[in-house]
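Based on the hints, put chain B in the right spot on chain A.
There are 2 protein chains.
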Amino acid sequence: MNAAIIAVGSEMLTPTRIDTNSLYLTEKLNALGVEVVQKLVMGDHRGRLEASISFCLEQAEILIISGGLGPTEDDLTRESVAAALGRELLFDEGIVATLEARFASFGRKMAEINKRQAYLVSGGEALANPNGTAPGQWIPLEGGKIVILVPGPPGEMKPLFEREVLPRLEKALPKQAIATLTLRIAGLGESDVDALTAPVYKRYENPVTTILAKAGDITLHFRAQCPELGEAERLVREVGEQVKPLLGEKLYSDDGSPLEQAVLRLLEKRGESVAVAESLTGGMMGSRFAAIPGASKTFVGGFLVYTNEQKVGLLGVDASLIAEHTEVSEAVAIAMAQGALQKTGAAWAVSLTGYAGPDGGTDTNPVGTVFVGVASKSGVSRAQRFRFPAGDRERTRQFATQAGLNQLRLDLM
Amino acid sequence: MNAAIIAVGSEMLTPTRIDTNSLYLTEKLNALGVEVVQKLVMGDHRGRLEASISFCLEQAEILIISGGLGPTEDDLTRESVAAALGRELLFDEGIVATLEARFASFGRKMAEINKRQAYLVSGGEALANPNGTAPGQWIPLEGGKIVILVPGPPGEMKPLFEREVLPRLEKALPKQAIATLTLRIAGLGESDVDALTAPVYKRYENPVTTILAKAGDITLHFRAQCPELGEAERLVREVGEQVKPLLGEKLYSDDGSPLEQAVLRLLEKRGESVAVAESLTGGMMGSRFAAIPGASKTFVGGFLVYTNEQKVGLLGVDASLIAEHTEVSEAVAIAMAQGALQKTGAAWAVSLTGYAGPDGGTDTNPVGTVFVGVASKSGVSRAQRFRFPAGDRERTRQFATQAGLNQLRLDLM
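Order-wise, the sequence lines are chains A and B. With the working numbering applied, the first sequence closes on residue 413, and no number is skipped along the way. With the working numbering applied, the second sequence closes on residue 413, and no number is skipped along the way.
Bound conformation, chain A alone (with noise of 0.2 Å):
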């Protein structure tokens, strides 16, 4: 079964709000089995919202709305839910009563204005609200559609969405099952992966693939959608045991925790520490470490150079060796590397060395241009140089980032 969701109110129509609703009304909606497959935010219009309504309801079996519930004029979900569906809207003594209780029980009259919230569209169901004066809806059409109707505020609209949306859903219902499984992977391009995996991944209808491409970092989704919840994990894992072997080693998790979680827990197995040195990035790969809970285990901390005199005298790098082959170099990269591991006592040390722009740069090593050096208490040192596309300082410094902590995950493997 299929979805739609409309979050209604203008003030989510400007730069500064969003409508996050649907992010738990999505996870309640897949957890039965029902996939969203479109989302709108509408303002308080009455024609849009109308025509919202006929649009999603073209294109989905379930449409929740959530607000435009309220009391005052600009509340318009009912009647544009009733002129939609061509319902009529309903005066129910019933939600007036419970109204004016609610208003008792805080010591208040209700006001006459209140009264709006009192109207249900022809047919439907009203849902109690525990947290305010706007009852929900439940209205069920010709030929098995659903339209729910469900207050704006996340503090009312959860506990009405457990309590009389989820019981009533699942009656409604075919039983339905999803398994998913997220493989994340560093060292390819998203087309590198795609044609890598297509070849597999398209003889399925489910489970269905999405691909997703941030800086360095790719992610392919699978989700399986059956009658019972075994046979969705039997073609989840079907189609991953295919895929995974095509990707090798550039595969770093199948369970969706990102790469530095990835390091870390290489490190943790084999009981070893690493720190960091970073030229261009300034933090960034430390503060991707630290991020994760329970990092101080293996991350010590590590150096900050952001300066040449700060390489040659926080971690000792020889300054004849940045004079000759400049600090965007194999050499420096790997010195750096080795002077974070002497100075921290760590296992491992990775250091960072680029441009990351606007300015700076030579003919040979231009803006874009970034060494990852890695060196281990074993002795190996070793540095490797990458070209990324230049033009927006923080990309490259984050595709840095990505590089220096692949790098090492590779060197732990």
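Treat the hints as calculated values from the structure; they're not laboratory data. Please note that a few of the clues may not be correct.
Which copy is meant is left open, because identical chains are indistinguishable; a pair holds if it fits in one copy or across any two.
[Claimed, not checked] Mimicking DSS-like on lysine-lysine, the simulated pairs with C-alpha atoms at most 27 Å apart in a straight line are:
| no. | residue 1 | residue 2 |
| --- | --- | --- |
| 1 | Lys202 | Lys250 |
| 2 | Lys109 | Lys244 |
| 3 | Lys214 | Lys109 |
| 4 | Lys158 | Lys377 |
| 5 | Lys269 | Lys297 |
| 6 | Lys250 | Lys115 |
| 7 | Lys28 | Lys158 |
| 8 | Lys28 | Lys214 |
| 9 | Lys250 | Lys109 |
Frame of chain A, contents of chain B only:
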């Protein structure tokens, strides 16, 4: 003029991912006097995507579609737009040449699959993408409506929008003069900023005021829209001049620039430099400095001392100080800053030590407690204790970083 935005990508229909491109696009459109009337998230599904495009073009004059322009089979935006508009897709040799040159510049050969990105909707114009392979498209329709395709990754979408879309929109739209003023504030909560400034801004319908809150960082935005630019500028200046004195030294920027830039400017004015010593943040503060182009004039680097051993070993913090006060204490924060100052020779040093959670913390200093130390060449060293909301490790680290930068700013003033 009204606009609709469609974000394309099945991953944004899962419980964990959200479309944020539309916030950026809304801000830019609003600045041109264009209102966003609906936002959609659609999956990688040809039929539904096509239907959503037709729906949006019934409701708005401008339609921006982000994402689905990649080289793979599940990138369906080009095909869906062509189908919805009843136009053909035309293979564009110019785009192929650009793509091939891009791959060649990285020393790679373009995969055959990337040729899918060379199809233009008939009547459309390709928009150069400096940071990726997917070009955007500018497609004028009969009757003055416009469809605009932009890539999904924010690092590609934003520069392409600035360089290619904005100038074309400015030409296409009726002239509207807009003036804006952005004030950024540290050291106050969102509701405090609102309580302080509302008595002023509530008196104005034009400019429109919005308040945006991130961890420890509040942005106040004023936007005036008038037929004449001079009048719009006069209005935002009038409000700004009343609001600024109310914020006092909590106001760190009136040109939209971030806190780290305000700090670097103060240092540059004094001809002084700064180093960092980070524990719980693991490099996040250094990385913020390094994100600013030209930071190396004033930011020299520093130390990541994630373990107590490294606090002692790298910074020379007295081990007995840690034994007596614990590593999350005023004494250790000061010693860390002093150590970084002395080892780097910088004029200023900032240290951060605290409990990010989920584990750790003591009765007196629970998770969320952070000490910020500042030491200066002039001999002054002091530390300040902060208590941030616990429960979200990343957010606590962001709060800590913001507090560290702000403490240094206040001491520099």
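Self-check item: Hint numbers contradicted by this structure
Solution: Structure breaks hint 4 only.
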